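K.L.:
Build out the structure end to end from the sequences listed, making use of the hints.
Chains as they are written, first to last, in numbering that gives the first Met the number 0: chain A, 0 to 257; chain B, 0 to 257; chain C, 0 to 257; chain D, 0 to 257.
The hints are simulated quantities; they were obtained by calculation from the structure and are not laboratory data. A portion of the hints provided could be inaccurate.
Said to hold, decoys possible - Derived lysine-lysine pairs resembling DSBU-like cross-links, with alpha carbons at most 30 Å apart:
id, chain 1, residue 1, chain 2, residue 2
1, B, K39, A, K94
2, A, K134, B, K5
3, A, K94, B, K228
4, D, K39, D, K5
5, B, K39, B, K94
6, A, K177, A, K256
7, A, K5, A, K39
8, A, K177, A, K94
9, B, K204, D, K233
10, D, K204, D, K177
11, D, K94, D, K256
12, A, K39, B, K256
13, C, K134, C, K177
14, A, K51, B, K39
15, C, K228, B, K233
16, D, K256, C, K228
17, D, K228, C, K94
Note that the coordinates shown come from a computational prediction; the quantities given were computed from them, not determined experimentally.
Number of protein chains: 4
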Amino acid sequence: MTATFKEGDLVLLYQDPRRHWITRIREGRFHTHRGYLDLKDLIGLEPGRLVKTSLGQPIAAFEPRISDLVDSFDRPTQILYPKDVGYALYRLGLKSGDTVVEVGTGSGALTAAIARSVAPNGRVYTYENRREFLKSAQKNLEKTDVSQLVTFRNVDPSEGFLEREVDAAVIDLGDPWKMVQPAWEALAGGGVLAGFTPTMNQLEKLAEALRMNGFLALEAVELLVREFKTETGKVRPESRMVGHTAYVTIARKVVPKE
Amino acid sequence: MTATFKEGDLVLLYQDPRRHWITRIREGRFHTHRGYLDLKDLIGLEPGRLVKTSLGQPIAAFEPRISDLVDSFDRPTQILYPKDVGYALYRLGLKSGDTVVEVGTGSGALTAAIARSVAPNGRVYTYENRREFLKSAQKNLEKTDVSQLVTFRNVDPSEGFLEREVDAAVIDLGDPWKMVQPAWEALAGGGVLAGFTPTMNQLEKLAEALRMNGFLALEAVELLVREFKTETGKVRPESRMVGHTAYVTIARKVVPKE
Amino acid sequence: MTATFKEGDLVLLYQDPRRHWITRIREGRFHTHRGYLDLKDLIGLEPGRLVKTSLGQPIAAFEPRISDLVDSFDRPTQILYPKDVGYALYRLGLKSGDTVVEVGTGSGALTAAIARSVAPNGRVYTYENRREFLKSAQKNLEKTDVSQLVTFRNVDPSEGFLEREVDAAVIDLGDPWKMVQPAWEALAGGGVLAGFTPTMNQLEKLAEALRMNGFLALEAVELLVREFKTETGKVRPESRMVGHTAYVTIARKVVPKE
Amino acid sequence: MTATFKEGDLVLLYQDPRRHWITRIREGRFHTHRGYLDLKDLIGLEPGRLVKTSLGQPIAAFEPRISDLVDSFDRPTQILYPKDVGYALYRLGLKSGDTVVEVGTGSGALTAAIARSVAPNGRVYTYENRREFLKSAQKNLEKTDVSQLVTFRNVDPSEGFLEREVDAAVIDLGDPWKMVQPAWEALAGGGVLAGFTPTMNQLEKLAEALRMNGFLALEAVELLVREFKTETGKVRPESRMVGHTAYVTIARKVVPKE
Chain A
0 MTATFKEGDL VLLYQDPRRH WITRIREGRF HTHRGYLDLK DLIGLEPGRL
50 VKTSLGQPIA AFEPRISDLV DSFDRPTQIL YPKDVGYALY RLGLKSGDTV
100 VEVGTGSGAL TAAIARSVAP NGRVYTYENR REFLKSAQKN LEKTDVSQLV
150 TFRNVDPSEG FLEREVDAAV IDLGDPWKMV QPAWEALAGG GVLAGFTPTM
200 NQLEKLAEAL RMNGFLALEA VELLVREFKT ETGKVRPESR MVGHTAYVTI
250 ARKVVPKE
Chain B
0 MTATFKEGDL VLLYQDPRRH WITRIREGRF HTHRGYLDLK DLIGLEPGRL
50 VKTSLGQPIA AFEPRISDLV DSFDRPTQIL YPKDVGYALY RLGLKSGDTV
100 VEVGTGSGAL TAAIARSVAP NGRVYTYENR REFLKSAQKN LEKTDVSQLV
150 TFRNVDPSEG FLEREVDAAV IDLGDPWKMV QPAWEALAGG GVLAGFTPTM
200 NQLEKLAEAL RMNGFLALEA VELLVREFKT ETGKVRPESR MVGHTAYVTI
250 ARKVVPKE
Chain C
0 MTATFKEGDL VLLYQDPRRH WITRIREGRF HTHRGYLDLK DLIGLEPGRL
50 VKTSLGQPIA AFEPRISDLV DSFDRPTQIL YPKDVGYALY RLGLKSGDTV
100 VEVGTGSGAL TAAIARSVAP NGRVYTYENR REFLKSAQKN LEKTDVSQLV
150 TFRNVDPSEG FLEREVDAAV IDLGDPWKMV QPAWEALAGG GVLAGFTPTM
200 NQLEKLAEAL RMNGFLALEA VELLVREFKT ETGKVRPESR MVGHTAYVTI
250 ARKVVPKE
Chain D
0 MTATFKEGDL VLLYQDPRRH WITRIREGRF HTHRGYLDLK DLIGLEPGRL
50 VKTSLGQPIA AFEPRISDLV DSFDRPTQIL YPKDVGYALY RLGLKSGDTV
100 VEVGTGSGAL TAAIARSVAP NGRVYTYENR REFLKSAQKN LEKTDVSQLV
150 TFRNVDPSEG FLEREVDAAV IDLGDPWKMV QPAWEALAGG GVLAGFTPTM
200 NQLEKLAEAL RMNGFLALEA VELLVREFKT ETGKVRPESR MVGHTAYVTI
250 ARKVVPKE
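P.N.:
Structure follows, in structure tokens:
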């Protein structure tokens, strides 16, 4: 944990489940609909402290987790949900020091989460051929403290990733099957691939490409998350929920016996 | 990635989705229902290599991920599923170097996953007052390469954890509400708590205790995971699935304004 | 099926999944955002016919099913969804000629579906102590062709239903446990009860009351329905879904051995 | 409700959620693992009565609902679950007096549920080209009181159903798209079709055939049902659940403007 907040730190200002914001501590006021904060007043406070707006409204000042930061990213594309990100990171088996290739970068949400998992000395090479997305992702990553672990490549890797012997490959674009062979070449033996596909047709084609191109231990899942109201005496799932984001496919590279 | 397998390494031998085993590379044979392997033959191979049993059956030799290891743990208690572990690790915001307290240890499954997330220089203090569980967990942890990051405590922490200023607290036992106040005291400001509760009644009492004892940003969710068959032309969810494991509650410590 | 539409019939005008309306065939125009229909032009047409608006927009004129009518009801209260209604009707075992008591009427949605199930010669006695809800429900029921099978009672039945030897009892109000004993008295031996409860606390109390008051074969379920996009090559669940409506509890009256 | 049980009636003997049986009341004993019943002793009892076995074990004697009967059917094929049957019956809008065509009959489970919905004067024409399935279904239907409403046809209707102007068509076989055109011809205008498809590929092809062949108001859904434990203080979903049965597609016949 950060000992205390200092100028330039990012802070998560939390009022209630619907009102929370990420901002940087600098000269100036942060305005809410119920009073403002002088951001400089946060300097020297330990994270988690409850402070009050000019109108006496309490707000907690938290150090943002990577999932908070990702949630605040500008998103030109559909963003993956914590249910999918958490599952994939765990099943990819990412750890400090790992090297990962990713395509496409999109908003950089997954890039950030991966970089966080391989910090402090791992590396993420992320490919995105739409330049405006790459720029947006770069800007998003600057909000995190892991941007220095990310190499952005404005290249289409369907002809091949530049990296070799990587620990994991992550594919999150519309035609993931095109990246299966390049990913196989980039991965070390036993390296893990994760693919995200919104439609069952994409899932079908990705799974077939993986089976045909040297991957084993394939598993495809769909995660559903239900949020709960927990008021005493009135416990129940929320009335609305996210119905679908993407199928998550995990598989591992095998190397034929010589 | 491990460059090549060497004596003493753990290996995941993968035949198909229902037949895979974790074993240690040493003198001797590993028997499957379709032939055996001489384990010494794996020494010097790169992970991910397809080898053949004495009867010509192909088997892949993978380096186990932490989720593979956890899946192979002896489990005196209900074990958490990847859907829950992945989500909780991500929402806890764990990172290399973090310090975590956990109660109770159970089979050590979550302990191992947490230790993996805070490696190489973080630390997990795990509390379990049932001595036989603790022993089983210690034995399980020895299968991983992160056991040196874990301190086992055969103590009931309801009177207080021994640690202070920890980054995260994880509660996985039958009466989690008793651990809320001790967890608050152990956590640094803004530190994150995760609780796992199988019943709605436990969820209700845990949530109430969190709201009454200085936690904010409470969210309670339930995750469902559906496995898919991906054979071309026959894509469909599996006929059976896990219906329920536990509700996952996440909240953050707040410190009142002085 | 109605041979052909005639004046006074209700018609479901269907343009697309988001634009469909129920109206009565009478003198006058029905306006859509893309032209109008002269409703009289529908007279003499067989149901299911595609007609065109004044601007050439095709619209199908269907005979409304009971589920279409219910969907168009004014709803002062939360309405039950087809997933719950269909399941409950089937598990209640309702059939032509059955007699049913219901409390509370609410918008009359479930009342209409039950009446449809017991038509043409069954009967529904529905209790609602909020007079304005009862009026709204009566008006809603008039849209259906089963209103003559419904007896509305502006009475609180917690002291006892007026009916005896009924085939089924349906409880859909906030404190369903209060109606368990009255329902037992109203039901014939083996009669089936269905209860709808949004929270798990209500479910818990209802289930306990049923077990304590002469009911057996208790089952409690929660139904989730996921809508699918079925465009060729892009099959996937919808991005948003209903997360929760109510738990459905079914149980049967037993009569102790004399 | 049956006034009292008489010889020849079917009875549901209910001991607990895992031990319940359907049998016919006749001369002889019904043996359970905890004593037997003289079935003749049930004659003259009202349904719902608790009786005792020779060893004093209480058992409730219920009149079986159609869903109980269906649950007891011999099933050469995968049987549909109440979640799917209830939803489909409700969305088909079936009512007393309706005429329905069905293909294939399978175990007759859906046939029975449909017949129950259109009783006492409706009719179901069910097509099954596998003779052994048809025989099994006929035997199953004889357990119900609606078998006289069912006409079995050992014919492949892909060349055309024999019926015309039916209210509903139900398709439950492996290549449902072949039955779309025949169903259109058999249905009255606005008539409703329901199709059941286990795989997403079948769903995709069925939906396309419906859109291409004169059907509108298409909706495709998947239903999940979770059973709950409701013991006081320990409310939670069951640990295991059915993961998937079939996608349910509903659509209505439209007739082009002349």
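K.L.:
Which hint numbers doesn't this structure obey?
P.N.:
2, 5 and 14
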